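Please take these sequences and the hints and turn them into a complete structure.
Heads up: the sequence shown begins at 1 in UniProt numbering, then just goes up one per residue.
FYI, nobody ran anything at the bench for these hints, they're computed from the structure.
Misleading hints may appear alongside valid ones.
To be verified - Computed Cβ-Cβ distance ranges for the label pairs, DEER-style:
id : residue 1 : residue 2 : range
1  : Glu179    : Glu205    : 16 to 26 Å
2  : Leu257    : Ile164    : 53 to 63 Å
3  : Arg157    : Thr64     : 50 to 60 Å
No experiment lies behind these values; they were computed from the predicted model shown.
Even for Gly, the Cβ is constructed at its ideal location relative to N, Cα and C.
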Amino acid sequence: MNQAIRDKLSLLPKQPGCYLMEDHRGTVIYVGKAKILKRRVRSYFIGKHNPKTEKLVSQIANFTFIVTASDVDALILENNLIKNYHPKYNILLKDDKSYPYIKITDERHPRLIITRQVSKDKGRYFGPFPNVSAANETKALLDRLYPLRRCPLSAQRPCLYYQIGRCIGYCAREVSEEEYRQVTRKIVHFFNGGFRAVARKLKEEMREASDRLDFEKAQELHDLISCIEATMDKQSINNLDFVDRDVFGYALQEGWLCVQVSIFAAVN
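Here it is as structure tokens:
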């Protein structure tokens, strides 16, 4: 272990994040994630390991780390970093496995679907989600708040979802194309942080329902608010607009300056 690594180990935070191991040429040879960066990264340089890890450690000349807001963010970032660098010691996520996204389809009357394939089409993609369960929970929430069509465009009669109040009514010819577009715009706004404003509005409606003693409605709104907070507060959702970006960040601590450059490349 060289002195540069020793110095960096002392700066590791007790926070979740990702770490990138580099060889003497500066090539990233391994990417990992951790609930506690300080504990996980230090463990590589302490004690004995299996042959694969021993070989990895013997080639580490430097490492960098990125702090994330949560374990979920670390998981998603790890996947993106592995696909960007293709480190030779990463085998679990080096294949074409992808995390799920929610997509607003590129149709005259768009639908909400869950997909693992991100294409350069005119659809809108939001994600990634850490697993299908999280994507399903979020889609179910959106289906309640903004019920886009689920039936074929050729439907000749109102669908079952419309009859139970879970469809905006395109199949019943009750909404105009502009009204339909407004609903899709609300979904985009929801993913771009608007869910907080939605939750605040629903809380006001819940208080009003309680004031007029409509406790059934108040409970329904309370459940919806809880669903929004539980689903969205633990996610970091990206709006994929296929625009390349370079994001710079820096931090100064105990005489050390850390500069992080994150490269967001358009998804193929």
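Each hint tested on the structure:
Range check, Glu179 to Glu205: about 21 Å between beta-carbon atoms, so the 16 to 26 Å window is met. Separation of Leu257 from Ile164 is about 58 Å and conforms to the stated range, judged on CB atoms against 53 to 63 Å. Between Arg157 and Thr64, the C-beta spacing of about 59 Å keeps the proposed range 50 to 60 Å intact.
When held up to the earlier numbered hints, the structure conflicts with none and fits them all.
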